[in-house]
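J.: Spelled out, the chains give:
2 protein chains.
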Amino acid sequence: MRILVIGGVAAGASAATKARRTNEDAEIVLFEKGNYVSFANCGLPYYIGGVIEDRDELLLVTPELFKERFNIDVRINHEVTDIDSAAKTITVRNAEGESAEAYDKLIIATGGKPVALPIKGIDSDGVYHVFTVPDADAIVSKLELGMKRAVVVGGGFIGLESAENLRAKGLEVTVIEKLPQVMSNMDPEFSDVLIGELNDKGIQVLTGLGVSEITGEGKADGVILDNGARLEADMVIMAAGVRGSTELAEKAGCRLGETGGVWTDGNMRTSVSDIYAAGDMVESVNMLTGKKVRIPLAGSANKQGRVAGANAAGGNMQFKGVLGTAIIKVGELTAARTGLNAREAAQQGRASASLYAPGFSNATYYPDAEPMIIKLTVEKQSGLLLGAQAIGRKGVDKRIDVLATALYSHLSVFDLENLDLAYAPPFSSAKDPVIMGGMIAANMIRGELDYCLPQDIPALLARPSTVVLDVRTEEEWEDGHIEGAILLPVDELRSRYAELDPAKEYAVYCGVGYRAYNACLFLKAKGYRVKNISGGMRAINMSV
Amino acid sequence: MRILVIGGVAAGASAATKARRTNEDAEIVLFEKGNYVSFANCGLPYYIGGVIEDRDELLLVTPELFKERFNIDVRINHEVTDIDSAAKTITVRNAEGESAEAYDKLIIATGGKPVALPIKGIDSDGVYHVFTVPDADAIVSKLELGMKRAVVVGGGFIGLESAENLRAKGLEVTVIEKLPQVMSNMDPEFSDVLIGELNDKGIQVLTGLGVSEITGEGKADGVILDNGARLEADMVIMAAGVRGSTELAEKAGCRLGETGGVWTDGNMRTSVSDIYAAGDMVESVNMLTGKKVRIPLAGSANKQGRVAGANAAGGNMQFKGVLGTAIIKVGELTAARTGLNAREAAQQGRASASLYAPGFSNATYYPDAEPMIIKLTVEKQSGLLLGAQAIGRKGVDKRIDVLATALYSHLSVFDLENLDLAYAPPFSSAKDPVIMGGMIAANMIRGELDYCLPQDIPALLARPSTVVLDVRTEEEWEDGHIEGAILLPVDELRSRYAELDPAKEYAVYCGVGYRAYNACLFLKAKGYRVKNISGGMRAINMSV
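Protein sequence lines, in the order shown, are assigned to chains C and G. Following the numbering used here, the numbering of the first sequence begins with 11 at its first residue and continues without gaps. Following the numbering used here, the numbering of the second sequence begins with 11 at its first residue and continues without gaps.
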């Protein structure tokens, strides 16, 4: 059996080695158009910033090792230009010319490529992507010449990580993002926190602005924005997203799915017999909704490649899909998400409610407890967990992974409040933020109490029938409060509640939502109409 | 409605406040025999060590706050001495004398108390528990007098945490543990690592030895061990476990369960009508096995208290049970566990296999990646996850919480390998250690490859038909290898495998198990009988 693999980074390398482990007798050849296989592309921004000091760290596996350990014939600088699925051959081009290679099974792992904006100057010297080792090499060489100013186009993972790392090298950095927010897969308030952190690091962020031109005569010296403004720049990093490289699969006749990615079944088989596909250019199933999505991330690429390789070689494995789990470090902050936010839930026709669960990384009476904010999105009525977002300086990765595992398992908020997570003071609180989030959400779903979001406050204040009630202490009130709210500390509420007008509705807040929760239940029992402003001042200010 | 709560720490305080939130009109009285309510008992060792500097940090909530915020009448220094469940009254004793209090609903949260060993000198001055705020106060006062030597009796959570904190105060510390290992809820190899870490901190650990006497005339000056040896000590910390305080519940006629803890249903109702129970003296259901267990930990106590309080006040909530998740920090190490180990699985009649998944806290090409070892226990055939243990210096808490969530959800290894966890280089690897563990275990369950454990090596070496084969490099071999093994580096295996005797069975190891995995599959394809020694040298040496 002859197995050919096209593409040698995450999915292709995983596929080839898993094929070998599944079938010792197969002939396996891997074609990579670039100069490197199986490199750590997620590490490239950190190599640019010097966080990863040794370039060799990026090069996980060499062609020699593929040969010796796996008896896999890796051919770098070999570009596959065509696939004839009827003849079961591929056309390969390298420096010496073109040749045809026959296959019994073919695995396409062509990955993606950076979106190329159709603007003047895009091909100038000084314009870079952060996508391959040569990309990073070029940037590092350029930096050694003493760059002063960089513009990063795109406020997603690669854009923000690159911006931070260029700033660490001493450059003045501006991030340009066409959308109104960075990290468009999270809710806007999380973007605001990240922008604040970037600003604190001395990075300027301009949202809602596109780039219309890169200036300079063959050598970039600045960018012109949508609004006509011009920014000077010694270098321009293009990080406006990644597009799946589906062309080869299309030439083979592989069907594209509704997302524009290559369609596969759960065995990573394409619509064309004997052709498998894996990695950034395939579409996956969202395990929660059953709908097709395209989320090009390393974790999925590795898993898909492993499944494709096993099955191409005669095995029988399944890739179950994705949840859209993602994480980014920005300065000292971690922001992460999994599943659906309210907007995505609505697109799926799911009636959802979102709420904030502010917490701490570990017991507050133990040193170095850091605040975090978790935002849960849950299905109304059923209480099924639909998604989560979180931000903080410590322990966010843990909570999002727990929530991703809960999502995988279709847990509800009634499960979250019953999780048996590990508690000792250095690691968590007796009620972990995830469990606390479950408790808050379960209280809501059980109908104990209504919640609203900080984003609703302007509308609440505008409504004459509603009063925004602060139940914190006077000291906290004086340190800052919602303009237009009234103060009645929770610990005076039992003696003073008669001061409140039973004809009004009260939207109640405190520091993180706990005192307001108690105040609301008291007032509700006394006949008042109440809502808890979820997450209190912590969520209102998104202070982490 | 009059609700009485007996006990005011984790379960009792949670019960009382949840009862109030559930029923504003109930009269709620909480009786606590000690001087403090709702204190942070898990923080006591760290207060002794000065890690928690401010004593007030331990005192989470005061009686005054209970009154003002919750209208709960908290009576400290009030001991409940009897319950008459027919008359629905309790007998309460305080400094002024005894009185009877009537209840409509009663919540018993009497918790536990330290096991008192029946040995001479146990009541001497200088012998302490680490169980209450006054206990900690007494130890702190004693330390201020300039103590030199401490003996800690017991190598569980409180014993090890106390030992470390006393060492941090400059004392010579010896831990005595009657069992052959510390942390008896983990496998022995994890105990070995923890003992090594304690030794590195200058703490002596003696296992397999009990204490037969505490010496000194009314004032402890040492201990005599089972073997007759004597250790000098200025202070003796008794941390030989916690026994549930079931006496009051028994007086009320509440049935004890098979574990000796107070029996309750999922609503935390005891066998006696209108009496609920929560906390360290009740038994819980193990969510995985459905069997009753008694695991006195703060997380469960809080959750049980909340459920008992809600239901006593007219609500309807469920406590679903426990998984035995637990975690401890020892020096710079974190050790954690959840679910069942192989021994516990066997006790439940489950055929299990265990294997090691060595990994790193984050991508190894990113700074500060720390090694960790996860040990998974899975059901044979089905691949159902039964339990996990883990140890390392960073990120262990995250992995055990993910695995606890997987256990809660009855996931199998085929699910673990498909989890969509958050990956960016600072947080994980593209294949997180949990996912990698799932992949290894799934390969085993699918029958791709047989595994054995490092613990099997002596038996393997003793068997003439078996060869222990090291497939690492010569450099690694020279740095240390299994005595009696032979060397054939994996990358020379394809050209040299004919040197191996097809009549023998090969037990193969490498650094962490990955090269051995590839070597095994190659040799298996060539007709050899092979086994992978799970976890390789990392697990053999338990090096983290």
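Do not take every clue at face value.
Copies of the same chain look alike in the list, so a pair counts if it works inside one copy or between any two.
[To be verified] Below, in silico cross-link-like pairs of lysine-lysine (DSSO-like), each with a Cα-Cα straight-line distance of 27 Å or less:
{"no.": "1", "residue 1": "Lys536", "residue 2": "Lys158"}
{"no.": "2", "residue 1": "Lys404", "residue 2": "Lys339"}
{"no.": "3", "residue 1": "Lys158", "residue 2": "Lys211"}
{"no.": "4", "residue 1": "Lys261", "residue 2": "Lys152"}
Hints are computed from structural coordinates only; laboratory data are not their basis.
J.: Checked against the structure, which of the hints given earlier come out wrong?
T.: 1, 4
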